[in-house]
Amino acid sequence: GAGVSQTPSNKVTEKGKYVELRCDPISGHTALYWYRQSLGQGPEFLIYFQGTGAADDSGLPNDRFFAVRPEGSVSTLKIQRTERGDSAVYLCASSLGGGVDTQYFGPGTRLTVL
Amino acid sequence: ELKVEQNPLFLSMQEGKNYTIYCNYSTTSDRLYWYRQDPGKSLESLFVLLSNGAVKQEGRLMASLDTKARLSTLHITAAVHDLSATYFCAVDIKTSGSRLTFGEGTQLTVNP
Chain R
5 GAGVSQTPSN KVTEKGKYVE LRCDPISGHT ALYWYRQSLG QGPEFLIYFQ
55 GTGAADDSGL PNDRFFAVRP EGSVSTLKIQ RTERGDSAVY LCASSLGGGV
105 DTQYFGPGTR LTVL
Chain E
-7 ELKVEQNPLF LSMQEGKNYT IYCNYSTTSD RLYWYRQDPG KSLESLFVLL
43 SNGAVKQEGR LMASLDTKAR LSTLHITAAV HDLSATYFCA VDIKTSGSRL
93 TFGEGTQLTV NP
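Sequence order for the protein chains is R and E.
Counting in the numbering used here, the first sequence runs from 5 upward without gaps.
Counting in the numbering used here, the second sequence runs from -7 upward without gaps.
Derived by calculation from the structure, the hints in this document are not laboratory data.
One or more of the hints may lead you astray.
Stated by the list, open to error - Listed below are the simulated BS3-like cross-link pairs for lysine-lysine, each with C-alpha atoms no more than 27 Å apart in a straight line:
no., chain 1, residue 1, chain 2, residue 2
1, R, K15, E, K33
2, R, K82, E, K60
3, E, K60, E, K48
4, E, K(-5), E, K33
Using the sequences and the hints given, assemble the complete structure.
Structural data, given as structure tokens:
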């Protein structure tokens, strides 16, 4: 079946602009996660949704970052007033129900802030 | 704060040789995951280890978990070039819900 998909695959923006990154989880997966991966590092947790609600948003670095999942499926990560330090690959993952279920990752969105 | 450390971070080995990657973590957990990442690609799940003493094998890779030592190992047997990739271990602890904390990754290169 279809895996996790993310759009766009690449996004180049200028410092100070607003960006939205989209994630389509595997159908039927109730848990959705966002991570950020910098070059040469492991992914860092940003936020976790169970259904429509953010169960854990403690990884969001500051209030410029926000994520929604209004219907419990597709999620959008929103970054306001982008900074050069936001440049990274943003990964989305989904799992059947959270907990011990394996997280399946999407291909990522490479964000470059000039 | 949960810390996950892998070693080595870089590993160059010849085809046919055996080697082990180590993953240490700082807080009690009984849930550990191994992922593989090819350059420019996303993460592929390899193993899920859910209890002390768990051992799982797939092809030339075998993973084990010792929760008392807070240590997991990924053993590579008779390496082949196709195993060249970056390998990550990741841990989650019940108090953190379902968030994964990843190690820095081990970049494995298998030379002919």
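Hints, one by one, checked against the model:
1. R:K15 <-> E:K33: Cα-Cα ~16 Å, so holds.
2. R:K82 <-> E:K60: 41 Å, violated
3. E:K60 <-> E:K48: 18 Å, holds
4. E:K(-5) <-> E:K33: The given pair, whose Cα atoms are some 25 Å apart, holds under the 27 Å limit.
The structure does not agree with numbered hint 2 stated previously, though it agrees with all others.
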